[in-house]
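Asks: One-letter residues, chain by chain:
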Amino acid sequence: GENVEQHPSTLSVQEGDSAVIKCTYSDSASNYFPWYKQELGKGPQLIIDIRSNVGEKKDQRIAVTLNKTAKHFSLHITETQPEDSAVYFCAAIGSQGGSEKLVFGKGMKLTVNP
Amino acid sequence: EPEVTQTPSHQVTQMGQEVILRCVPISNHLYFYWYRQILGQKVEFLVSFYNNEISEKSEIFDDQFSVERPDGSNFTLKIRSTKLEDSAMYFCASSVSVNTEAFFGQGTRLTVV
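As you go down the protein sequences, you meet chains G and B in turn.
The first sequence begins at 24 in the working numbering and counts up one residue at a time.
The second sequence begins at -7 in the working numbering and counts up one residue at a time.
Check before you lean on any hint, since a few could be wrong.
Each computed DSS-like pair below joins lysine-lysine, with the alpha-carbon atoms no more than 30 Å apart [stated by the list, open to error]:
| no. | chain 1 | residue 1 | chain 2 | residue 2 |
| --- | --- | --- | --- | --- |
| 1 | G | K60 | B | K70 |
| 2 | B | K70 | G | K80 |
| 3 | G | K60 | G | K94 |
Output of the computed footprint for chain B on chain G, the stretches with three or more beta carbons under 8 Å from beta carbons of chain B [to be verified]:
| no. | segment |
| --- | --- |
| 4 | 32 to 43 |
| 5 | 124 to 135 |
In case anyone wonders, no lab produced these hints; they're calculated from the structure.
Computed from a predicted model, the values in this text were never measured in an experiment.
In this text, a Cβ means the ideal position worked out from N, Cα and C, and glycines have one as well.
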């Protein structure tokens, strides 16, 4: 089945810096890759997603890139702000047998220092 | 903005007891899911539910677990005889269809003592 690896596990940046989170996946047939932000005590909230027919997608300060050949995808946050501090999870949906489940990475705790 | 709601927010139960976690998915969504997150670990898939039946389940979802959609709005997860290792945050999610955005609830923190 699908396996998603995420790194780094923690990242601390200064306000205004950029942050990059990288993930790899194992199932070459996976076709949907969402990114979730989880604040303390809350459920994961989708911040951006990308499909396998697209190489890059941007939404204001966040962007996601997908390299299907290398089977990795990355989240880029520019001009970070303290409210960006949270745990970020990448995920993938494999397509084996029409799977519907999201397979999550281990998460990355981002701390943005004012 | 529509949201997935879960109750209770925190449940403490004794080992061996049955618990029912409740969820109200977004009204026009057709796919429903339960995930769990043990403290400090990744979010893990438990089960997906579509058209009033389980469509996919993980190895975690053994005979102690069951799901039900008792009426048109609620979606429940039952753990028949809780174990200490069932202690986790349980998230309900729903989506319009597969491979689309899954909306997560706030979670129920289950503590088995």
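Asks: If a hint holds in the structure, say so; if it doesn't, say that too.
Replies: Evaluation of the provided hints:
1. G:K60 with B:K70: holds (27 Å)
2. B:K70 with G:K80: violated (39 Å)
3. G:K60 with G:K94: With a Cα-Cα distance of about 22 Å, the restraint between K60 of chain G and K94 of chain G holds, given a limit of 30 Å.
4. 32 to 43: violated (count 0)
5. 124 to 135: holds (count 7)
Checked against the numbered hints above, the structure breaks hints 2 and 4 and satisfies the rest.
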